[in-house]
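Undergrad: Residue numbers (the working numbering), protein chains in the order written: chain A, 1 to 161; chain B, 162 to 268.
Don't take every hint at face value.
Here are the simulated lysine-lysine pairs, DSS-like style, with alpha carbons at most 30 Å apart [stated by the list, open to error]:
# : chain 1 : residue 1 : chain 2 : residue 2
1 : B       : K261      : A       : K76
2 : A       : K146      : A       : K76
3 : B       : K233      : A       : K113
4 : A       : K113      : A       : K76
5 : A       : K146      : A       : K113
6 : A       : K76       : A       : K150
Among the chain B residues that face chain A by a calculated CB cut under 7 Å, a handful are [what the hints assert, rightly or not]:
#  : residue
7  : E184
8  : T216
9  : D220
10 : S257
It is worth saying that the hints were derived from the structure and are not from the lab. Just so it is clear, CB atoms sit at the ideal spot from N, CA and C, and this is done for glycine as well.
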Amino acid sequence: MRNEMEIIFDARSENEGFARVAVTAFVTGLNPTLEELADIKTAVSEAVTNSIIHGYENLRNDNTLQGRQEPYHGGKVSVRCLLEEDMLHIEVADRGVGIADIEQAMEPLFTTKPELERSGMGFAFMEAFMDELEVESEPGKGTTVKMTKKLGVGDWIDSED
Amino acid sequence: MGRVLEEDFQVIDHCLMIRLPAEVDHHQAACICEYADRLLYREDVCNVVFDFENTTFMDSSGIGIIMGRYRKISCFGGRIYAIHVNRQIRRILGVSGLEKIVEVLEA
Chain A
1 MRNEMEIIFD
11 ARSENEGFAR
21 VAVTAFVTGL
31 NPTLEELADI
41 KTAVSEAVTN
51 SIIHGYENLR
61 NDNTLQGRQE
71 PYHGGKVSVR
81 CLLEEDMLHI
91 EVADRGVGIA
101 DIEQAMEPLF
111 TTKPELERSG
121 MGFAFMEAFM
131 DELEVESEPG
141 KGTTVKMTKK
151 LGVGDWIDSE
161 D
Chain B
162 MGRVLEEDFQ
172 VIDHCLMIRL
182 PAEVDHHQAA
192 CICEYADRLL
202 YREDVCNVVF
212 DFENTTFMDS
222 SGIGIIMGRY
232 RKISCFGGRI
242 YAIHVNRQIR
252 RILGVSGLEK
262 IVEVLEA
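All chains should be built: construct the whole structure from the sequences, respecting the hints.
TA: Here it is, written out as structure tokens:
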């Protein structure tokens, strides 16, 4: 079976939750395990968050106590999912600033925005929770993160809980 | 998803108790850090306890929140604890290596 979907949304932090839920809803037909769903959710969340705060340099989060509002910059993030049998391909793309040194960006704990108290673990999480990860980027043009995961390989019986 | 409320942050016996929302992501992170730091600076806080009872999702933003609070209290000998940790959260803590600085308490 082949099934494909694409969503495009404004690069605002409110939409991080929407993107996660949309992707997990898309794959539920395959009866993935809870663990697989959690992995996919985390990986999508990392990629979309990266696009929003790094790609479009959305330094201020509107969801703060002061409720400060930044004028919206108009950037969009797209999430494409392709299911081929039990393989899930996810592409998260933005047309933001791009990454000059991809290798450095993917190092665990490396972050260009330490003032935001980010962990620098975004790409490490995507690598840990998906089977394959590929990053394409061109400074000034944008970044595309491609991830692949084989579904239905999780344990049938949860050993804990 | 639920908003982060002031009542989710309480100082009891020099311990800052933080009840985390259902989904801990970048969108919620700024708010959580602001509430937490207000109390960290104002009250006489030694340790921080993160309560994951209502939390079903956390990404690396949550790791950033924990690391940031750890930096602020560890120089005074403060410690970080986590309670009501489910399997997903435990995995996130494990993958990030944070189990070294966070003590997970069983209920």
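Undergrad: Determine which of the earlier numbered hints do not hold for this structure and return their numbers in increasing order.
TA: 1, 8
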